[in-house]
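Under my numbering, think of the first position of the sequence shown as 377, with each following residue one higher.
Treat the hints with care, since some could be wrong.
[As the list claims (entries may be wrong)] What follows is a list of derived Cβ distance ranges for each label pair:
hint, residue 1, residue 2, range
1, Leu593, Thr436, 28 to 34 Å
2, Arg470, Asp645, 32 to 38 Å
3, Leu593, Phe428, 32 to 38 Å
Please keep in mind that the hints were generated in silico from the structure rather than gathered at the bench.
By construction, the Cβ of each residue, glycine as well, lies at the ideal position given by its N, Cα and C atoms.
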Amino acid sequence: MHDREHEANPLRVSGAAAEAGWGALVAANREQVERLREPTPPADHWQGRAAFFRADPDRTDDASLNALLDLARPGDAWLEVGAGGGRYALGLARKVSRFTAVEPSASMREVLEETRREFGIENLTVIAESWPLSAAATEATRVDVAMLAHVSYDIEPIGPFLGALEVSAGRLCAALLFEHSPFRAYVDLWEAIHGEPGQHLPALREFVPLLLARGALPEVRIVDERVMSFDSLEDAQADAARRLWLTEGSEKYRRMVELLPDSLEARGDGGYVAPGSDRIGLVTWSG
377 MHDREHEANP LRVSGAAAEA GWGALVAANR EQVERLREPT PPADHWQGRA
427 AFFRADPDRT DDASLNALLD LARPGDAWLE VGAGGGRYAL GLARKVSRFT
477 AVEPSASMRE VLEETRREFG IENLTVIAES WPLSAAATEA TRVDVAMLAH
527 VSYDIEPIGP FLGALEVSAG RLCAALLFEH SPFRAYVDLW EAIHGEPGQH
577 LPALREFVPL LLARGALPEV RIVDERVMSF DSLEDAQADA ARRLWLTEGS
627 EKYRRMVELL PDSLEARGDG GYVAPGSDRI GLVTWSG
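Start from the sequences and build out the full structure, keeping to the hints where you can.
Dropping the structure here:
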């Protein structure tokens with residue numbers, strides 16, 4: 377799209393401007409977290425938490441997985457960037473000819489490999505790199521469908537990230553994203569504890585305009601809805617501490633423990649639910 381068209385229409389921005397805007401949101405969030413966080417970050421961000429991403433590849437009650445399976449064809453080669461513990465990759469590998477899972481976290485790869493072996497899934501290859509890949513690994517990523525699921529929120533250089541995804545995809549690119557920033561449920565707690573408004577990461581509502589600005593014409597389908605639910609108050613506290621970057625026993629942590637119950641709704645079985653919910657959208661566009 378020509379720059380003059382952008383200038384003439386205030387609702388259209390250039391791809392470069394949209395990418396810069398996305399990057400600015402990510403940078404603002406990163407700066408705030410680095411300044412306010414209490415725990416020292418582990419070398420592997422998912423260490424100690426990867427097991428939560430283990431899932432039965434043959435499950436039929438996951439609306440997000442079912443929506444992805446609707447896109448799959450038996451002869452397809454697929455690629456997932458940030459495949460994590462394989463909660464989508466392994467189910468999809470059952471339906472396609474070849475699947476490549478890109479995952480830089482050793483903890484996540486361990487969960488993925490354990491589940492793959494447990495269910496005897498042999499047509500999946502794991503690449504232990506960050507995206508975009510090195511030149512040596514790029515050839516393995518020429519596929520029919522390239523996808524990501526909940527991994528783009530904190531990617532600052534989003535242009536090269538999406539560009540590499542689109543180059544890999546012969547037929548289709550796909551992305552599962554929450555409608556709003558994953559931080560949304562804790563926005564009031566963040567300000568009460570840290571003393572300043574939280575910097576939201578971009579999500580589905582920013583992703584679609586970004587693709588349009590880059591020249592794609594995406595299709596969006598709401599496929600699921602997430603409600604943050606906890607079996608105990610202790611589970612809710614652990615989740616809030618992680619998302620608010622608090623260290624157990626600190627003054628801010630004690631303040632969170634004091635305030636958190638007022639922001640939760642009690643379930644009838646003794647569990648708790650965070651107020652509000654968030655929709656999950658499946659975005660598809662031509663590579």
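Hint-by-hint comparison with the structure:
no.: 1; hint: Leu593 to Thr436: 28 to 34 Å; result: 32 Å, holds
no.: 2; hint: Arg470 to Asp645: 32 to 38 Å; result: 33 Å, holds
no.: 3; hint: Leu593 to Phe428: 32 to 38 Å; result: 36 Å, holds
The structure meets every hint from the earlier list without exception.
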